[in-house]
Structure formats: C-alpha cells, structure tokens
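> Sequence:
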Amino acid sequence: MKIRDIKGIDPELIQEIAPALERGADTEAYALTAEQGMEAGYRYTKSDGVLHMVYGTKPDLCRALLAAAGSTAAEGKSERWLSEIGYMADCSRNAVARVDTLKKLVRQAALMGYHFIGLYLEDTLAIPEEPYFGYMRGAYTKEEIAEVVRYAALFGVEIRPYVETLAHLNQITRYEHYQKFIDTDDILLAGDERTYEFLDHYLKAVSDAFPSRRVNLGMDEAHMVGLGKYLDAHGYQNRVEIIQKHLERVMEICRKYGLQPQMWSDMFFRLAFGGEYYVKDKPMAENVKIPEGLELVYWDYYSADEEHYDDMLRQHRKMTDKVSFAGGVWKWIGFAPHNRYSAVIGKAALSSCRRNGITSVVMTGWGDNGGEASQFSILPGLFEDARLVYEDNLPEAAFYALTGIREEDYMKLDLSNPLPAREDRVNNAGKFLFYNDALLGIFDPLAQQLASGYYEDAAKQLEQAVRDSSGSSLCYVLKTQASLCRVLQDKANLGTVIRTAYDAGDREKLRDIAEEAIPQLLGKLDRFYQDFRKQWMSENKAFGFEVQSLRIGGLRQRILEVQQRLEEYLSGEIAEIDELEKPVLPFAYCEGADVTTLDYNRWNYIVTTAVIG
35 MKIRDIKGID
45 PELIQEIAPA
55 LERGADTEAY
65 ALTAEQGMEA
75 GYRYTKSDGV
85 LHMVYGTKPD
95 LCRALLAAAG
105 STAAEGKSER
115 WLSEIGYMAD
125 CSRNAVARVD
135 TLKKLVRQAA
145 LMGYHFIGLY
155 LEDTLAIPEE
165 PYFGYMRGAY
175 TKEEIAEVVR
185 YAALFGVEIR
195 PYVETLAHLN
205 QITRYEHYQK
215 FIDTDDILLA
225 GDERTYEFLD
235 HYLKAVSDAF
245 PSRRVNLGMD
255 EAHMVGLGKY
265 LDAHGYQNRV
275 EIIQKHLERV
285 MEICRKYGLQ
295 PQMWSDMFFR
305 LAFGGEYYVK
315 DKPMAENVKI
325 PEGLELVYWD
335 YYSADEEHYD
345 DMLRQHRKMT
355 DKVSFAGGVW
365 KWIGFAPHNR
375 YSAVIGKAAL
385 SSCRRNGITS
395 VVMTGWGDNG
405 GEASQFSILP
415 GLFEDARLVY
425 EDNLPEAAFY
435 ALTGIREEDY
445 MKLDLSNPLP
455 AREDRVNNAG
465 KFLFYNDALL
475 GIFDPLAQQL
485 ASGYYEDAAK
495 QLEQAVRDSS
505 GSSLCYVLKT
515 QASLCRVLQD
525 KANLGTVIRT
535 AYDAGDREKL
545 RDIAEEAIPQ
555 LLGKLDRFYQ
565 DFRKQWMSEN
575 KAFGFEVQSL
585 RIGGLRQRIL
595 EVQQRLEEYL
605 SGEIAEIDEL
615 EKPVLPFAYC
625 EGADVTTLDY
635 NRWNYIVTTA
645 VIG
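In this note's numbering, the protein residues as written are 35 to 647.
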C-alpha cells in the first residue's frame with residue numbers, strides 16, 4: 035500500500051513506516067485522511083482511492099495503517115480494551131540495545147499498537163555523580179535517551195524507565211565504594227543514609243533523562259533483605275517493616291523529582307501471604323500497607339491456566355486497587371526465543387486481565403544469563419498479544435508487512451529448542467546441548483532423547499526460511515539460528531558418540547571423530563560465532579559481547595582439548611581418558627526433566643561440575 039497524499043497526520047510518520055506499508059497485501063495507492071475521533075482503537079474505510087481513518091491514539095493509528103496495508107478489505111475496525119499495552123526491553127544483561135535498534139523497536143511496536151517501551155536499566159544509565167555505575171557496561175547517556183524519546187514521540191510511544199532500588203544491582207557490588215552499603219548479595223542496605231544518597235543520584239538521573247514521569251522501581255526478589263549487614267547492625271527485625279520503611283524513603287525521592295512510581299509486587303505479596311507468591315485464597319497479613327500513590331505490578335509468565343491468573347489478581351486486589359500486569363515474551367533462556375509458548379501464556383493472561391478489569395499491561399523481554407537472543411526474536415509473540423488486545427485478528431500478511439518475513443517462517447526461530455508435545459511446556463535445549471561438555475556428558479542422557487536427525491531438519495527449515503526472506507532487514511536473525519542448528523546437528527550427541535566408541539574399543543570410530551567430525555564441528559562453530567557476532571553488533575553495543583567471546587571461545591578450545599585427548603589415547607600416550615572411565619548417571623540437576631521440558635539457563639553449571647569463579 036502506498037500513501038500519496040496526507041491530511042491530518044505528520045508526513046514524517048508515514049515516511050518512517052512506508053517500507054512496511056508497501057510490503058502489504060494491498061498494492062493500491064491512497065490519499066490518506068486521518069482524524070483523532072474515538073477513545074480507543076480505530077476504524078478505516080477505503081473508497082475511490084481514499085483511505086479514511088479515525089483513531090484514538092497514535093499507536094492505534096499506526097496499527098490501523100498496518101491493518102489496512104495487510105488486507106485488501108474495504109474497511110476495518112478495532113476497539114482496544116486495554117488503556118495501554120507496552121513492551122519492556124532488558125538492557126542490563128549485557129545486551130544493551132543500540133539507539134538505532136531502539137528506534138526500530140519503537141517503529142515496530144507502534145505498528146502493532148504498543149503505547150510504551152520500557153527500558154530495563156539496572157546499572158546501564160549513566161549517573162554523573164556515580165562514574166563507576168555502568169562503567170564499561172554500555173550505560174546510556176542522557177543524550178542517547180533523548181534521541182530515542184524524540185523519535186518515539188513521532189509515533190506517540192512513551193519511553194519509560196525500569197530501574198532497581200533494592201535488589202538486582204549485582205554488577206556494582208564489585209566496587210568497594212558500593213560494598214559499604216550492600217546488605218547481602220546484590221541487595222542495598224536499607225536504612226543506611228549512603229543508600230539513599232545513591233538512590234537520590236540514581237532517580238535524579240532517571241528524572242533528567244526521561245520526560246515520562248512513570249518509573250518502575252523494581253524492588254523484586256530481595257529475599258534476603260535485612261539478613262546481612264542490616265542483621266549485624268540491628269539484629270533480626272520485622273522484614274515487612276524494613277521494606278516498608280525503605281520504600282517510603284524511595285517514595286520521598288520520587289516525590290522530590292515528580293516521579294510516579296510502580297514496583298513489582300512479589301516482595302509485598304510474599305510478605306502479605308506467608309512467604310508464597312502463588313496463592314489461591316488466603317487472608318492478607320494486616321501489617322502490610324501499600325503506600326498511597328504506588329502501583330503494584332503483578333508479573334507472571336509461567337502459566338497457561340486462566341484461573342491461576344484470576345486467583346492471583348484477586349489476591350492482589352486485596353492489597354491495593356492500583357494493580358497492573360506484566361506478562362512475558364520468552365527471549366531469556368538462550369540464543370532462541372519461545373514464541374509458541376509466549377503466545378499460549380499470553381492468551382491466558384490477557385483473558386484473565388480483561389475479566390478482572392486490568393487496564394495496563396506490559397510484556398517483558400528479559401535477557402537472563404547474557405542477553406543472547408535477538409532483540410527482535412520475539413516479534414511473533416508481541417504480534418499475537420496485540421491481536422488479542424485489539425481484537426482485530428490481523429492477517430499474516432500484516433506480519434509480513436511488519437517484518438518482511440512470513441510469520442510461519444519467523445516462528446522457526448523456536449526450533450533450536452525442540453517443541454514439546456504440550457504447548458504449555460518450555461525448554462532451552464539449544465543452549466544446554468550447545469555448551470554440554472563432550473567428555474563430562476552431564477546432559478548426554480537428555481540429548482539421547484532427541485529424534486534422529488532433529489537438528490539437521492531444523493537447520494534445513496531455517497535455511498529455506500533464510501532464502502525465502504533474503505530481502506528482509508531481519509533475515510540475519512534466521513541465519514543465526516540456522517547456523518546454531520548446524521552446530522547442534524554435530525554437537526548435541528557428540529559426547530554419546532565418543533563414549534559409545536570408547537566403551538566398545540572402536541578405535542577407528544574414535545579416529546574418525548578426531549580427524550573428521552571434530553574439524554567439521556569446529557568449522558560450523560566458527561560460522562555460528564560470526565553470524566551471532568554480526569547479529570549482536572548490529573543490534574547491541576559492543577559492551578557485554580566479551581562474555582560471548584569467552585564462552586564460545588572457551589567451548590572451541592574445549593573441543594580442541596577433546597580432540598587432543600582422543601589423539602593422545604589413540605597414539606598410546608595416555609592409557610585411558612579419565613572422564614570416560616566414569617559411568618554416566620541420569621541427569622539430576624532437575625529431577626524428572628526431559629529434553630523438551632528442561633529450562634536450565636545457568637552457563638556456569640551447564641559447562642562443568644567444577645568451580646568457576
């Protein structure tokens with residue numbers, strides 16, 4: 035669809051989204067007239083070369099344009115039932131998105147109808163008074179945030195800060211200056227004036243950088259609060275009171291800078307309901323008081339059961355009437371996303387939110403354990419969630435217009451993690467089998483459960499998708515996954531193949547592994563590294579990639595070590611291979627897991643049973 039004349043909206047907006055519109059199923063050219071004339075949603079008509087639109091918000095308008103481009107129908111409409119839906123990008127787990135990446139994310143989010151983008155910033159926002167905060171971590175400057183904010187304003191998208199004001203500040207604990215007011219682990223020392231001086235600097239920087247007054251204070255998963263230096267200084271104190279007093283001090287700083295706070299609900303919820311986060315119907319502790327003006331965000335991305343969300347939302351309503359919801363689009367378990375699972379849990383969660391009167395929802399894209407997945411890998415999950423919110427059932431042609439890739443092909447990004455028979459299950463086999471040691475064989479019993487030829491077939495599907503999507507600017511995301519599956523084709527069962535040959539005394543097979551299979555695997559690993567590096571450098575700042583260089587480089591060196599050990603054994607230099615003399619026990623990190631249901635995302639435990647760090 036082409037737009038030739040524009041009335042009622044900024045021509046620059048159309049210029050920015052024109053490539054997407056021109057990929058749509060509708061190939062006609064239209065004169066566009068648009069007016070803001072409804073509360074939420076949109077409606078449009080196409081007649082005699084004129085596209086007329088009525089919309090509620092600019093993101094509604096952007097979605098209307100995508101809907102019109104993706105269909106040849108003469109009219110379309112939607113009544114959005116949420117007041118707002120947003121997406122939060124994790125910029126703290128090493129992958130700090132470049133400014134141009136954030137702009138692209140804003141553009142795509144707006145076309146899907148998202149109203150805000152949250153940036154999760156543990157220590158990745160520069161603070162003038164705190165030079166080591168975010169040092170060598172890619173921290174955003176005030177000017178970088180301003181550039182993103184200006185661009186987002188064109189689409190009516192708000193950029194919001196998500197910070198941490200109690201726990202999850204682990205990267206600063208290495209500095210002696212900060213250790214002085216760390217309670218334990220990565221938790222700030224509540225009640226200490228140095229903590230509040232630091233938080234004043236932090237929230238002032240947030241206020242200065244972000245025009246939005248909405249701020250998420252974090253304060254989640256601080257399970258050990260009050261049990262470190264605080265315990266040494268004050269003895270055991272009521273932890274509800276510790277958190278509430280700390281929160282009130284943080285709220286004072288927010289009021290000082292005109293910020294409107296929200297926080298993740300889990301700490302208050304656990305304190306209110308006997309230490310549990312998932313409870314069906316339980317009385318609330320009377321000593322838990324939510325400060326006036328604070329919004330609680332119930333986060334949950336682990337269930338496909340609508341009743342589960344119903345129960346939890348009812349329990350949250352006992353604490354406060356200011357409740358919003360955070361779901362998830364799964365990109366935090368390795369190199370690949372889980373879009374299918376994200377769509378399943380998103381449907382259940384959003385259905386419950388509607389039934390329970392929730393008006394604000396954010397979908398989170400965390401980056402645990404290194405931020406390995408592409409920033410854009412979860413577009414199908416976001417697309418499906420927006421479909422539910424707008425109830426317009428945009429056709430797949432609209433997804434193609436958005437990305438230049440068919441949704442069916444984009445969903446193949448999930449393939450390095452074998453899809454479970456049940457859609458409400460998830461795994462990250464693509465990571466734990468990638469890093470599984472070929473001699474230790476910790477995950478070998480799980481690898482043996484894979485269907486024969488699984489990764490070869492997955493690689494072929496992805497390679498075909500790459501060929502079919504070569505004109506898309508996002509094709510590189512598919513290419514990275516294709517390369518990953520080619521590595522896994524040779525790597526997933528390498529340990530089992532080596533051990534089987536060793537136990538059978540099959541020296542010819544071991545020689546073939548050392549001379550043919552391992553060099554072939556190393557070539558595939560090198561190709562994956564280069565594709566993954568290109569993906570990272572095109573999307574993220576260079577900071578943090580050193581971790582990937584060390585991990586993948588370490589894996590390469592370990593494979594060379596395996597090769598050398600095989601050669602030494604075959605030449606008689608060593609009489610046996612120590613690791614292979616030990617029996618392989620059933621996988622026991624998590625009892626009852628199989629290759630399609632294990633989600634294990636701790637690199638340091640995947641690669642070895644030895645001590646790292």
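The hints are simulated quantities; they were obtained by calculation from the structure and are not laboratory data.
Cβ atoms here follow ideal geometry from the backbone N, Cα and C, with glycine treated the same way.
Hints are supplied without guarantee of correctness; some may be wrong.
Have a look at the derived ranges for each label pair, beta carbon to beta carbon [claimed, not checked]:
#1 P617 x E310: 36 to 42 Å
#2 Q482 x E542: 21 to 27 Å
#3 E310 x G539: 34 to 40 Å
#4 G539 x A622: 43 to 49 Å
#5 E113 x N204: 30 to 36 Å
> Quick check: which numbered hints come out false for this structure?
3, 4 and 5
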